[in-house]
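Sequences and hints are given; from them, build the entire structure.
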Amino acid sequence: EPEVTQTPSHQVTQMGQEVILRCVPISNHLYFYWYRQILGQKVEFLVSFYNNEISEKSEIFDDQFSVERPDGSNFTLKIRSTKLEDSAMYFCASRTPSGRVGYEQYFGPGTRLTVT
Amino acid sequence: GIQVEQSPPDLILQEGANSTLRCNFSDSVNNLQWFHQNPWGQLINLFYIPSGTKQNGRLSATTVATERYSLLYISSSQTTDSGVYFCAVAEGGSQGNLIFGKGTKLSVKP
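The listed protein sequences correspond, in order, to chains A and B. Numbering-wise (the numbering used here), the first sequence opens with residue 1 and increments by one. Numbering-wise (the numbering used here), the second sequence opens with residue 1 and increments by one.
Fair warning: there could be bad hints in the mix.
Stated by the list, open to error - Here are the simulated DSBU-like pairs of lysine-lysine, each with C-alpha atoms no more than 35 Å apart in a straight line:
hint, chain 1, residue 1, chain 2, residue 2
1, B, Lys105, A, Lys78
2, B, Lys54, B, Lys102
3, A, Lys83, B, Lys54
To be verified - Not close to chain A: a few residues of chain B, all C-beta gaps over 12 Å, as computed:
hint, residue
4, Ala17
5, Asn30
6, Gln33
7, Phe35
8, Leu59
9, Glu67
10, Arg68
11, Tyr73
12, Ser76
13, Ser82
14, Ser107
Since the hints were made in silico from the structure, they are not lab data. Ideal placement from N, C-alpha and C gives every residue a C-beta, glycine not left out.
Printed below as a string of structure tokens:
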């Protein structure tokens, strides 16, 4: 069964460093998402991406964040200058266009980011 | 924006017991999903259920969209059912961005 994959599973970085989190969505999906979960809290929406551009973003997604689909398979989240409060689990998700198959999103296993 | 409330926040069960988890939402939705977060932090998709009823083994779910709530039933609970259960919804007309509730933390004791 097709699945969303994410790399790395765990990333440790120092404050102020840039990190890139990588995702490979399901191949025929066209909508892509990033979510964040700080330890012990609920999952929060960061950004959605469709047709090679951001379609919606939350207040959390400020100028230090960016997303890119550099080729036909990868979808990346870049954090330009990490802060301690960026430590969290980051989830990538994807879905097909709506219609008969609906809006179900498929989530990757997550990348745990630790900023020291 | 849409609000998602889950209850109860915590639930402790003996193995073999049944339970019902509830999710209330404040507006019409085009997506509702139930997830189980395992001890490794992964979100396991249990149901995609914007309306109607579905069953998968010991788990079943019902969403009454007109009354803006969904229920997740766990029967004959096992210790492996422990973890946090999240309900997530996407507003009608949105790009599908999911808004998560705070979750129900379930502990099943042997």
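Query - Hint check against the structure, violated hint numbers in rising order - result: Structure breaks hints 3, 5, 6 and 7.
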